[in-house]
Amino acid sequence: MDDTGKISPEKITKVSIIISKGSLEGIYPGLIMANGARAEGMEANLFFTFFGLDAIHAKRIDHIKVATVGNPAMHIPTLIGSLPGMSALATHMMNKTMDKLDIPPIGEFIEMIGDTGCGMYACKASVDMFKLTKADFVPQVQDIITVGDFYDLAAGGQIIFT
Amino acid sequence: MSTATMAGVEVRLNDEGFFEDPNQWTEAMAVEMATADGIDTLTDQHWTVLKFMRKEFFEKGTGPTVRLLGKTSGVSVKDLYLLFPKGPAKMAARIAGIPKPKGCI
Chain A
96 MDDTGKISPE KITKVSIIIS KGSLEGIYPG LIMANGARAE GMEANLFFTF FGLDAIHAKR
156 IDHIKVATVG NPAMHIPTLI GSLPGMSALA THMMNKTMDK LDIPPIGEFI EMIGDTGCGM
216 YACKASVDMF KLTKADFVPQ VQDIITVGDF YDLAAGGQII FT
Chain B
7 MSTATMAGVE VRLNDEGFFE DPNQWTEAMA VEMATADGID TLTDQHWTVL KFMRKEFFEK
67 GTGPTVRLLG KTSGVSVKDL YLLFPKGPAK MAARIAGIPK PKGCI
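Listed in order, the protein sequences are those of chains A and B.
96 is the number of the first residue of the first sequence in this note's numbering; add one for each residue after it.
7 is the number of the first residue of the second sequence in this note's numbering; add one for each residue after it.
This is chain B alone, in the form it adopts within the complex:
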């Protein structure tokens, strides 16, 4: 575990850079993380995915798989990979401030 300062606030991150406590996350932090990951602007589509992931996480205890995202978030699998080129499951979950989704698909 480590700490980092995001949007002026100190947050706890695990070894892979995922939030230890999703409640520490704010939208300003998402913007900072996205920029650091090479996403210059978070578009409406990005926000749809990030918000959907957080909603799923707080309802079900784990973030959605890429397949579920593609089926239910309103953003297709193809677009998910364009929006989050470093792997939607991993990259989007980290920027959304939730743990890495469990599940293999």
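With the rest of the complex left out, here is chain A:
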């Protein structure tokens, strides 16, 4: 309770963040939140599921693209967004902007987040579905785990789905 008599909210001390999408705009927010949590001294875990697995897939990690179709906030008509090369162009422009803001590319970001001590896990159901193995992932991925394992890991903290 503070001196005005209000009960001050308790600080968040642990977060578990699920990344379920494989587009650039689907991956970055979760990574930024996980990295920020560690920088603030919180415990953090990242759980990659479905197309989010591309963010930790060794061969795909450096080729993540922005979705230019079906995304009204891109302000590009769907038909134009579907033209060959549009997604690559939009990705290139966005990467340039982020570089200026000192936001690292996804590959480097994952490496850095691993160094912060954030846990990184792949979802077993998705890994089986896409016929992947641990060897397909970047070395920062600690394990392939079930949803039950994830809830055990997330115990006592907040869960964020992205």
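Keep in mind that the hints were calculated from the coordinates and are not lab data.
One thing to keep in mind: the hints can contain errors.
[What the hints assert, rightly or not] Which stretches of chain A does chain B cover? Using the computed rule of at least three CB atoms under 8 Å from a CB of chain B, they are:
#	segment
1	142 to 150
2	244 to 257
[To be verified] 30 Å max Cα-Cα, derived DSS-like pairs, lysine-lysine:
#	chain 1	residue 1	chain 2	residue 2
3	B	57	B	106
4	A	160	B	66
5	A	154	A	106
6	A	160	A	106
7	B	106	A	160
8	B	84	A	109
9	A	154	B	92
10	A	191	A	160
11	B	96	A	106
12	B	84	A	116
13	B	96	B	66
14	B	84	A	229
15	A	116	B	57
16	A	116	B	108
17	A	195	B	57
18	B	77	B	96
19	A	160	A	116
20	B	57	A	160
21	A	226	A	160
22	B	92	B	106
23	B	57	B	108
24	A	219	A	109
25	B	84	A	154
26	A	109	B	106
All C-beta atoms, glycine included, are put in the ideal place defined by N, C-alpha and C.
Put chain B on the given structure of chain A with help from the hints.
Okay, now just chain B, sitting in the frame of chain A:
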């Protein structure tokens, strides 16, 4: 805002315990704050980080992000988290007597 006595001197702190005026900071105060935060001894590596953060702050007006620290301070991101387990950006900046760094990365 509140005041606290550190190394025998009264200093002004904000609600989160960061220095209001980085010029009030001395090395003896850093040692006191580190001890209170569970760091028994400030090693050379700790001092490298603290001094680098102060230099960046006085040059640029804001403390460095963890990424920049890892790239340019000579101490890796991994080591930063070992040196300052409660989050390098926040913990190191507070012990260095500068405001919490702005920026999300």
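Structure-based check of all given hints:
Interface restraint, the segment 142 to 150 of chain A with chain B: violated (0 residues with C-beta to C-beta distance below 8 Å; minimum three). Proximity of the segment 244 to 257 of chain A to chain B, defined as three or more residues with a beta carbon under 8 Å from a beta carbon of that chain, is not established by the 0 residues found. Proximity of residue 57(B) to residue 106(B) is assessed by CA-CA distance (about 15 Å); at most 30 Å being required, the pair is judged to hold. Under the criterion of a C-alpha separation no larger than 30 Å, the hint pairing residue 160(A) with residue 66(B) is inconsistent with the structure, at around 33 Å.
Of the pairs offered as hints, the one joining residue 154(A) and residue 106(A) is violated, with about 38 Å between alpha carbons and a cut-off of 30 Å exceeded. Between the alpha carbons of residue 160(A) and residue 106(A) the distance comes to roughly 35 Å, so the proposed pair goes past 30 Å and is violated. With a C-alpha separation of about 33 Å, the suggested pair residue 106(B) and residue 160(A) falls outside the 30 Å cut-off, and the hint is violated. Note on residue 84(B) and residue 109(A): the hinted pairing holds, with a Cα-Cα distance of about 19 Å set against a maximum of 30 Å.
As the CA atoms of residue 154(A) and residue 92(B) are separated by approximately 34 Å, the hinted pair breaks the 30 Å bound. A hinted pair counts as satisfied when its Cα atoms are at most 30 Å apart, and residue 191(A) with residue 160(A) qualifies at roughly 13 Å. Proposed proximity of residue 96(B) and residue 106(A) is supported: the alpha carbons are some 14 Å apart, at most 30 Å. A hinted pair counts as satisfied when its Cα atoms are at most 30 Å apart, and residue 84(B) with residue 116(A) qualifies at roughly 27 Å.
Among the hinted pairs, residue 96(B) with residue 66(B) is consistent with the structure: their alpha-carbon atoms are about 17 Å apart, no more than 30 Å. Straight-line distance between C-alpha atoms of residue 84(B) and residue 229(A) comes to about 23 Å, which keeps the hinted pair within the 30 Å bound. Distance restraint check for residue 116(A) and residue 57(B): the Cα-Cα separation of roughly 41 Å exceeds the 30 Å cut-off, and the hinted pair is therefore not satisfied. With a C-alpha separation of about 28 Å, the suggested pairing of residue 116(A) with residue 108(B) holds against the 30 Å cut-off.
Between residue 195(A) and residue 57(B) the CA atoms are separated by roughly 26 Å; this keeps the pair inside 30 Å, and the hint holds. For the suggested pair residue 77(B) and residue 96(B), the alpha carbons sit about 18 Å apart, so the restraint of at most 30 Å is met. Annotation: proposed proximity of residue 160(A) to residue 116(A) holds, straight-line Cα distance about 11 Å (limit 30 Å). Of the pairs offered as hints, the one joining residue 57(B) and residue 160(A) is violated, with about 39 Å between alpha carbons and a cut-off of 30 Å exceeded.
Taking the CA atoms of residue 226(A) and residue 160(A), the gap is near 22 Å; set against the 30 Å cutoff, the hint holds. Taking the CA atoms of residue 92(B) and residue 106(B), the gap is about 13 Å. The hint holds against a cut of 30 Å. Of the supplied pair hints, the one linking residue 57(B) and residue 108(B) holds, its CA atoms being roughly 18 Å apart against a limit of 30 Å. In summary, the hint linking residue 219(A) to residue 109(A) is supported, as the alpha carbons are separated by about 23 Å, within the 30 Å threshold.
Of the pairs offered as hints, the one joining residue 84(B) and residue 154(A) holds, with about 24 Å between alpha carbons and a cut-off of 30 Å not exceeded. About 20 Å separates the Cα atoms of residue 109(A) and residue 106(B), which keeps this hinted pair within 30 Å; it holds.
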